[in-house]
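This is what each chain is made of:
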Amino acid sequence: MRSAVIVFPASNCDRDAAIALAKITGREPLMVWHEETTLPQVDFVVIPGGFSYGDYLRSGAIAARSPIMQDIVRKAGAGLPVAGFCNGFQVLTEAGLLPGALMRNKGLRFVCRPQTLKITNKTSMFTKAYKDQDEITVPIAHFDGNYYADDETLRGLRKSGQIIFKYVDNPNGSINDIAGISNKAGNVLGMMPHPERAIDALHGGTDGILLFKSVLESMR
Amino acid sequence: MSVPVKITPQVVAEHGLSENEYALICERLGRKPNINELGIFSVMWSEHCSYKSSRRHLGKLLTKGERVIQGPGENAGVIDIDDGDVIIFKMESHNHPSYIEPYQGAATGVGGIMRDVFTMGARPIANLNALRFGEPDHPKTKTLVAGVVHGIGGYGNCVGVPTVGGETNFDKGYNGNILVNAMCVGHARSDKVFYSAAKGVGNPIFYVGSKTGRDGIHGATMASAEFDDDSDEKRPTVQVGDPFTEKLLIEACLELMATDVIIAIQDMGAAGLTSSAIEMADKGGVGIKMNLDKVPQREPDMTPYEMMLSESQERMLMVLKPRKEKIAIEIFEKWDLDVAEVGTTTDTGRLVLTHQKKKVCDIPIAPLADDAPNLDRPFTPPATHDKLEHDPMFDPNERGSSYNSVLEALLTSPDICSKRWIWEQYDRTVMGDTVDSSQSGGDAAIVRIHGTNKAVAITTDCTPRYCLADPFEGGKQAVAETWRNLTCVGAEPIAITDCLNFGNPERPEIMGQFVYAINGMNEACRALDYPVVSGNVSLYNETNGQAIPPTPAIGGVGLIKDLHKFKSISGAKAGDTLVLIGATEGWLGASLYSQIILGFGRDGKPVYAPPPVDLAAEKANGDYVRRLIRDRRVNAVHDLSDGGLAIAAVEMAFANKLGFTLDAQNDVPNYAWLFGEDQGRYLLAVEKNSVNPVISTAHSKGIPAQKIGMVGGSQLSAAGGFDISLRDAHMVYENWLPDYMAS
Amino acid sequence: MKAIIHIGLKPGVLDPQGRTIARSLAHMGFDQVLGARQGKIIELALKGNDAVAAEAQVKDMCEKLLANTVIENYRFEIVAQD
Chain A
1 MRSAVIVFPA SNCDRDAAIA LAKITGREPL MVWHEETTLP QVDFVVIPGG
51 FSYGDYLRSG AIAARSPIMQ DIVRKAGAGL PVAGFCNGFQ VLTEAGLLPG
101 ALMRNKGLRF VCRPQTLKIT NKTSMFTKAY KDQDEITVPI AHFDGNYYAD
151 DETLRGLRKS GQIIFKYVDN PNGSINDIAG ISNKAGNVLG MMPHPERAID
201 ALHGGTDGIL LFKSVLESMR
Chain B
1 MSVPVKITPQ VVAEHGLSEN EYALICERLG RKPNINELGI FSVMWSEHCS
51 YKSSRRHLGK LLTKGERVIQ GPGENAGVID IDDGDVIIFK MESHNHPSYI
101 EPYQGAATGV GGIMRDVFTM GARPIANLNA LRFGEPDHPK TKTLVAGVVH
151 GIGGYGNCVG VPTVGGETNF DKGYNGNILV NAMCVGHARS DKVFYSAAKG
201 VGNPIFYVGS KTGRDGIHGA TMASAEFDDD SDEKRPTVQV GDPFTEKLLI
251 EACLELMATD VIIAIQDMGA AGLTSSAIEM ADKGGVGIKM NLDKVPQREP
301 DMTPYEMMLS ESQERMLMVL KPRKEKIAIE IFEKWDLDVA EVGTTTDTGR
351 LVLTHQKKKV CDIPIAPLAD DAPNLDRPFT PPATHDKLEH DPMFDPNERG
401 SSYNSVLEAL LTSPDICSKR WIWEQYDRTV MGDTVDSSQS GGDAAIVRIH
451 GTNKAVAITT DCTPRYCLAD PFEGGKQAVA ETWRNLTCVG AEPIAITDCL
501 NFGNPERPEI MGQFVYAING MNEACRALDY PVVSGNVSLY NETNGQAIPP
551 TPAIGGVGLI KDLHKFKSIS GAKAGDTLVL IGATEGWLGA SLYSQIILGF
601 GRDGKPVYAP PPVDLAAEKA NGDYVRRLIR DRRVNAVHDL SDGGLAIAAV
651 EMAFANKLGF TLDAQNDVPN YAWLFGEDQG RYLLAVEKNS VNPVISTAHS
701 KGIPAQKIGM VGGSQLSAAG GFDISLRDAH MVYENWLPDY MAS
Chain C
1 MKAIIHIGLK PGVLDPQGRT IARSLAHMGF DQVLGARQGK IIELALKGND
51 AVAAEAQVKD MCEKLLANTV IENYRFEIVA QD
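Chains as they are written, first to last, in our numbering: chain A, 1 to 220; chain B, 1 to 743; chain C, 1 to 82.
Just so you know, the hints here were simulated from the structure itself, not pulled from any lab data. Ideal Cβ positions, reconstructed from N, Cα and C, are used throughout, including at glycine. Any given hint might turn out to be false.
27 Å max Cα-Cα, derived BS3-like pairs, lysine-lysine [stated by the list, open to error]:
#, chain 1, residue 1, chain 2, residue 2
1, C, 10, A, 166
2, A, 213, A, 75
3, A, 106, C, 40
4, B, 211, B, 172
5, B, 565, B, 454
6, A, 106, C, 10
7, A, 106, B, 419
8, B, 657, A, 118
9, B, 211, C, 10
10, B, 573, B, 688
11, B, 561, A, 23
So the derived label-pair ranges between C-beta atoms look like this [said to hold, decoys possible]:
#, chain 1, residue 1, chain 2, residue 2, range
12, B, 546, C, 31, 35 to 43 Å
13, B, 190, C, 75, 55 to 63 Å
14, C, 25, A, 153, 30 to 38 Å
Not close to chain B: a few residues of chain A, all C-beta gaps over 12 Å, as computed [said to hold, decoys possible]:
#, residue
15, 2
16, 27
17, 37
18, 111
19, 116
20, 132
21, 142
22, 183
23, 185
24, 197
25, 213
26, 218
Bound conformation, chain A alone (with noise of 0.2 Å):
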């Protein structure tokens, strides 16, 4: 499978994105500088964490607007599979490609921490691969990752079974404690937390290596 990395001017979690991918599909991702105005021939797309642009103006929102990410909204209209983490998240909901915003956490304050999620869709191409496992721990580092969709948009996640991760104690206020979300197609991925940092059991964890194979196994 052939993966790609978007770069933003600072986006901090490209190298972690790239050490998943290149650990866990066995070939290095392209990196892909945000400026390219056409993404590489590729299986999946990697949207990473970061402060691109300083989270200036609204987290993601320029990097949302940049000339690669045209070519990613529609690529991902037909159908390529594209994940985005933390800031990618922001990215995905700012260039339209998934409903919603994620603003301010509540408590106001950045939060660092092991976070255990619900996986409350075990069907999606994301998530496969977790068979039996409910629950898993993966490591949130953010300020604005309280998730908000009006109840119109909430009710249509509901029932499109769109809602993949759930938070296990809140730590943002995101409305009924949504952790990531997919597109009603079900190939583009938002999470707040980073799946790519616990992929090594020395640090954050092994419990985001399935999110990755899920994509790989999809792709077979």
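Position chains B and C relative to chain A; hints supplied.
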């Protein structure tokens, strides 16, 4: 700000220069200086830049070692960690700005120390900080804590470097002067370390990073002066940081450093363009000619004085190889950073500046460095204090209290309580290599060297109440404790950086604290073969004549060669035996018990001598513990410090979510046994079967070692002492700080 | 010309920052404060002097970048530069 043009004695004094210093300037120039030249001399000869009060004493410190590649004198220290890898690190203070504007003061402190590290070619891999605030009841403390923590997180998280450890103290001695000491550790390859000496004549000088504004002009002189009640008006001089630009700067500089275009590079920190240009030229033995019209400017109508003294953040100065400029320009433009050729190196040995076609400065560089004042300030030896002897009245039961209450009082004391409220605001795991951080409550952070199986262990430490009681012993103890912390995780301690925070050196008793603390540090460095490779001095931490406790903050770095063989405070198992390494006579002087429970050492009550550090015992005990870790003979390790054995055992219990029982003993009165702060001691959780060999081998080496209890259960109990549930203890320990910050 | 743009959260969207501000003011004794909403002001320096054209452009900027219309409202005014 208005820049005076006519130089009067008052203007000279406002620049922090003495009459003698001014006379020396005139002598060196052969004429009077103009205002630009005066400004330049004033910042270069300020305490902050010239270290005039401290230089001759710092010179005593051990700075060499087998693994030391670069000691003090460069932007940061460089140590060898095998396989062509080096670690580059330093600690720096940003005390005065943080008191005035806590968020930006702390943020720019983090930004500044990171630049000192990556200017040498190292990718920053970890940040730590040592914070000292006033007492909780002081009206400013809460705002300062919130602002400083917010600023450290705001900058560090945005730049994408994990903030993995540190320490926080609260003491009324810091009511008027908080301390924010920021440490940065970076990794580089040994053949790609960059220095600041601008060698060679006729080479282009390039400026890169943010535009220059009017921020922080005379920040260096602010750091060289006390506060008084008018300090609030100094607000405009605090610099504002932009972590986004810093991240771009890091990536752009590292990208450029991978080519062979750079001859020399230095970041613009205190005294901005002035200090970087002069230091680079002085080290390279060259002169510099700069055209200030080329300096990227953020504000209109900036004067040469303002441009040279501005402390706008996120800027670097570099000397490039001629005809390779285009490579640099392309890289910086890609990262959207301002880049400009601002001058050339010359063979005149002078700093010549032009602005709007006029020469506005022409001074010889050597005197700026060579003639920088090197004062031999008078000092008085610090007072010595008596040893605090045991007394039956010190037992909680004799005071109408109980061991449980006493334990709770210590667990909820600001120095010991959980700092989760603080470190949860720091991203500790970005970059994917943090093996251990503040999260575990352990003794040192552990950060893997990317792509390898080895790691650096990093810690900061200092016990100011010991330093106040005895600066020599306190200085020694600070170094020794960091050495112990690194040992606890199985690391080979390599070297230290320091941030020496003291009051007004013009007062002989403060100067005495400084001299004696350095002497103490030095003794520890030499006995432990643990040199100082970088550091910073922050003086004048006083308000209205009240100085801070002497606070020589130490940052220690060690090497874990094999990540299959490290230990931490976690890993204990139910049924493990608790083994205590090191001798205990129950030292109470300057202990937290004596201060919090007995009331000594503050509010006019007697001060007692702090626990002495026996360096030979430290070395023997530590080397043994490290060997036990390497031979996999222990499950968990924690060193004893604030609060003594009781607190160490409780902290280990919290980390492992397992209770403990401590056995009865008759050597020492119980309160002294549990809360005495004898040094050189380690608490080990050892598998039952390994206990006898661990103890007998220790004895064969003359190392005190004894079984003192067991891990397990849900109670924390000490025979004849406290008996409290793990859950209750943990709750009060965790709640104090968040309750305080929310109140 | 100058455009002064006010961006605020839509009514009904929880505003923890606003809530904290109101509470802090109340604690300080400003008991007239019933509530607070926090937003931001963006000032743009604009070329030319055709206010009508500018209005259309600024609206476009707000829709496309400056406001996240999922959760934010905006209003603006065009003023002559002094």
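Structure-based check of each hint:
A threshold of 27 Å between alpha carbons decides the hint, and for residue 10 of chain C with residue 166 of chain A the separation of about 25 Å falls inside it, so the pair holds. Proposed proximity of residue 213 of chain A and residue 75 of chain A is supported: the alpha carbons are some 22 Å apart, at most 27 Å. The suggested pairing of residue 106 of chain A with residue 40 of chain C holds, with an alpha-carbon distance near 18 Å, which does not exceed 27 Å. With a C-alpha separation of about 40 Å, the suggested pair residue 211 of chain B and residue 172 of chain B falls outside the 27 Å cut-off, and the hint is violated.
At roughly 10 Å between alpha-carbon atoms, residue 565 of chain B and residue 454 of chain B fall within 27 Å of each other, so this suggested pair holds. Restraint check for residue 106 of chain A and residue 10 of chain C: the C-alpha separation of about 17 Å stays at or below 27 Å, so the hint holds. Among the hinted pairs, residue 106 of chain A with residue 419 of chain B is consistent with the structure: their alpha-carbon atoms are about 21 Å apart, no more than 27 Å. Proposed proximity of residue 657 of chain B and residue 118 of chain A is supported: the alpha carbons are some 24 Å apart, at most 27 Å.
Among the hinted pairs, residue 211 of chain B with residue 10 of chain C is inconsistent with the structure: their alpha-carbon atoms are about 36 Å apart, more than 27 Å. For the given pair, residue 573 of chain B sits about 10 Å from residue 688 of chain B by alpha-carbon distance, which is consistent with the 27 Å threshold. For the suggested pair residue 561 of chain B and residue 23 of chain A, the alpha carbons sit about 23 Å apart, so the restraint of at most 27 Å is met. Separated by about 37 Å at the C-beta atoms, residue 546 of chain B and residue 31 of chain C satisfy the suggested range of 35 to 43 Å.
For the pair residue 190 of chain B and residue 75 of chain C, the beta carbons lie near 59 Å from each other, so the given range of 55 to 63 Å is met. Restraint check, residue 25 of chain C to residue 153 of chain A: a C-beta distance of roughly 33 Å satisfies the suggested window 30 to 38 Å. The Cβ of residue 2 of chain A sits about 22 Å from the closest Cβ of chain B, beyond the 12 Å cut-off, so the non-interface label holds. The beta carbon of residue 27 of chain A sits about 17 Å from the closest Cβ of chain B, which is more than 12 Å, so the claim that it is off the interface holds.
Distance check for residue 37 of chain A against chain B: the nearest CB is about 16 Å away, which clears 12 Å, and the non-interface claim stands. Against the 12 Å criterion, residue 111 of chain A falls within the reach of chain B, whose nearest CB is about 6 Å from its own CB. Every beta carbon of chain B lies more than 12 Å from that of residue 116 of chain A, the smallest distance being close to 15 Å; the non-interface claim holds. No beta-carbon of chain B comes within 12 Å of the beta-carbon of residue 132 of chain A; the shortest separation is about 26 Å.
With a least beta-carbon separation of about 9 Å from chain B, residue 142 of chain A fails to lie farther than 12 Å from that chain, contradicting its non-interface assignment. Against chain B, the non-interface label of residue 183 of chain A holds: every CB pair exceeds 12 Å, the least being about 27 Å. Residue-level check passed: residue 185 of chain A sits 31 Å from the nearest beta carbon of chain B, beyond 12 Å. The non-interface label for residue 197 of chain A is inconsistent with chain B: the shortest C-beta to C-beta separation is roughly 5 Å, within 12 Å.
Distance check for residue 213 of chain A against chain B: the nearest CB is about 18 Å away, which clears 12 Å, and the non-interface claim stands. Against the 12 Å criterion, residue 218 of chain A stays outside the reach of chain B, whose nearest CB is about 25 Å from its own CB.
The structure is inconsistent with the numbered hints 4, 9, 18, 21, 24, although it conforms to all the rest.
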